[in-house]
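The primary structure of each chain is shown beneath.
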Amino acid sequence: MNPVLVVGGGPAGLSAAAELASLGAEALLVEKEGYLGGNPKRWHYSLLAPDLKPAEEVLGDLLGKVEGNPRVEVRLGTSVTAVDPAPPGFRVTLQGGKGPEGREVSAVILATGFDHFDSRRKFEYGYGRYPDVLDFKELEGMIHDDKVLRPSDGKPPKRIAWVLCVGSRDLQVGNPWCCRMGCVVSIKQAVEIRQKHPEMEAFVYYMDIRTYGLWEDLYWKSMQQYGVKFIRGRIGQITLAEGGKRLLATGEDTLLSRPTEVPFDMVVLASGMEPGQGTKRMAELFHLPVGPEGFITPKISDINPVDSGVPGLYLAGAATGPKAIPDSVTEGMGAALRAYQHARR
Amino acid sequence: MPIVEPSLVEVQRTEQLELDGIDVSGDWNTFLRSRVHTDLDLKVLEWVRSQPQGETISRCWQCGTCTAGCCMHTDFGLEEFNPRYFIYLAQIGYEAELRKYAETIWRCVSCNKCVERCPKGVKVEEVVHSIGSYLEVTGMAKESPADRFDRAYTENLLRRGVLDEAALFQTYERLEGRKTPGRELFRLGLSMLLSGRLHTGPFAHRTRGWGKMRPVLTRLMTEDLRRRRETARGPPPGSGP
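Residue numbers (the numbering used here), protein chains in the order written: chain A, 16 to 360; chain B, 2 to 242.
For the record, the hints were derived by calculation from the structure and aren't laboratory data.
Possibly wrong hints are sitting among the right ones.
[As the list claims (entries may be wrong)] Result set (DSSO-like, lysine-lysine): computed pairs, CA atoms no more than 30 Å apart in a straight line:
1. A:K56 with A:K170
2. B:K44 with A:K236
3. A:K211 with B:K44
These figures come from a predicted structure and were not determined experimentally.
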């Protein structure tokens with residue numbers, strides 16, 4: 016039996032590869048970056064919502080099942096550049112450090128994930144221009160290293176604002192969908208900061224809080240235990256205040272029906288999830304249907320979210336839409352099982 | 002389109018007006034005050050949270066269930082009585098706006114429908130009273146007739162340990178700036194005094210041992226007030242959430 020190709024080394028891909036190996040199949044795990052772990056690894060995610068377990072621990076469990084596993088062949092810094100059907104499997108061309116290489120695979124799992132929205136596109140928030148306007152993926156790293164400091168002067172901020180739905184639920188940037196993560200991750204960051212630095216004040220500007228399912232607990236705790244404050248309104252623009260020393264967040268406090276302009280030491284943008292570059296490229300390469308959002312559309316998204324509709328080609332994780340790590344891991348397992356069934360046939 | 006609001010067209014003379022430290026006295030025909038909110042101060046919230054009756058304030062997520070069922074707001078038509086709004090103002094520390102409701106906030110009749118209905122277990126009735134207390138102890142509320150009566154009552158009681166109704170009446174009327182109807186009242190008072198039904202002035206009753214009790218009570222009350230004022234100024238460092 017030829018190996019099953021898993022494209023993408025994030026949580027979904029790692030889970031798929033680990034599951035294939037445990038079924039006794041061979042997995043060929045291809046990752047375009049030079050490391051495994053995907054976005055959580057790339058941005059040094061701190062704790063993961065909602066259980067506040069370190070990302071390294073969660074990823075470590077997955078990596079432990081893959082790295083050094085004789086049934087998993089890991090190819091870092093490698094992309095899939097061409098594909099030809101070779102029923103029942105595929106013949107793919109891999110482009111890595113050593114040049115193109117052809118491989119026969121029995122099935123393919125696309126776990127190509129998402130990219131964080133580039134907050135510079137929301138230019139009125141000044142990201143990229145004002146150093147103290149951060150993307151929340153950068154704050155993850157700061158919290159992880161316990162160095163929550165203003166990039167402009169290296170001082171700890173006294174008052175921090177989170178702006179939700181940056182690049183999500185916004186037709187101006189062409190992203191009408193909800194990223195599902197922004198609320199819970201921002202609230203988690205505020206909780207982490209308030210735990211470690213109770214002297215810092217945390218304000219969250221929101222339109223709706225979507226800490227869905229059991230995550231609601233973290234939202235409640237953030238208010239009741241950690242004193243995180245919520246202000247209902249979308250920030251319209253961020254400018255400089257106090258001679259450039261602080262940031263001025265301007266918006267409408269919709270519960271006051273009144274404009275609000277408040278100076279902050281740091282503003283954190285909850286950038287949404289967009290289909291990853293890899294997802295877009297693989298959708299083209301495999302001629303897969305994509306939705307208006309650019310994510311790959313599964314054939315029957317409600318009862319079989321991991322089937323692409325093409326025999327032998329399966330989908331897992333954020334390639335089909337914004338997804339949490341547990342969901343991605345589950346889909347990785349589902350896709351592995353389907354690929355295994357296909358390969359054995 | 003013509004401007005039909007006369008106050009916007011007619012020149013108004015403002016004799017002494019200072020805004021943000023800038024003298025803007027003079028003639029104005031249109032004067033628009035800024036409505037921008039710039040004040041996020043957690044002092045109010047922290048004080049209310051530190052009070053036994055106010056600690057559930059941080060549970061509030063502003064759904065408005067309390068106001069929706071509030072009998073003052075709906076049945077009695079007191080639109081400006083909006084518990085959801087009071088809590089929000091306290092949460093974001095908008096004192097200037099909160100001050101406007103220093104009187105209204107006490108109009109709650111404690112029907113507790115809000116507490117029954119609140120989906121997050123906010124003790125709305127208690128929290129709203131706590132916010133009212135904050136306005137009282139920080140001196141942000143204007144003194145109402147009831148406050149003045151309270152003051153006169155307390156002073157009167159502290160004098161001898163027993164209430165002197167006639168003196169209380171006189172003091173309160175004076176505080177309200179009203180003249181007591183002299184002759185009529187004097188005649189009534191005199192006849193009551195002679196028939197032994199009124200004890201006032203030198204004939205007033207006195208609590209035994211009041212000379213020892215009074216300083217103790219006075220000190221306790223002063224200290225309590227000082228403590229409440231101090232906590233209103235901000236909790237000591239490290240005691241926050």
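Hint check:
Of the pairs offered as hints, the one joining K56 of chain A and K170 of chain A holds, with about 26 Å between alpha carbons and a cut-off of 30 Å not exceeded. The straight-line distance between the Cα atoms of K44 of chain B and K236 of chain A is roughly 21 Å, inside the 30 Å bound, and the hint therefore holds. Note on K211 of chain A and K44 of chain B: the hinted pairing holds, with a Cα-Cα distance of about 21 Å set against a maximum of 30 Å.
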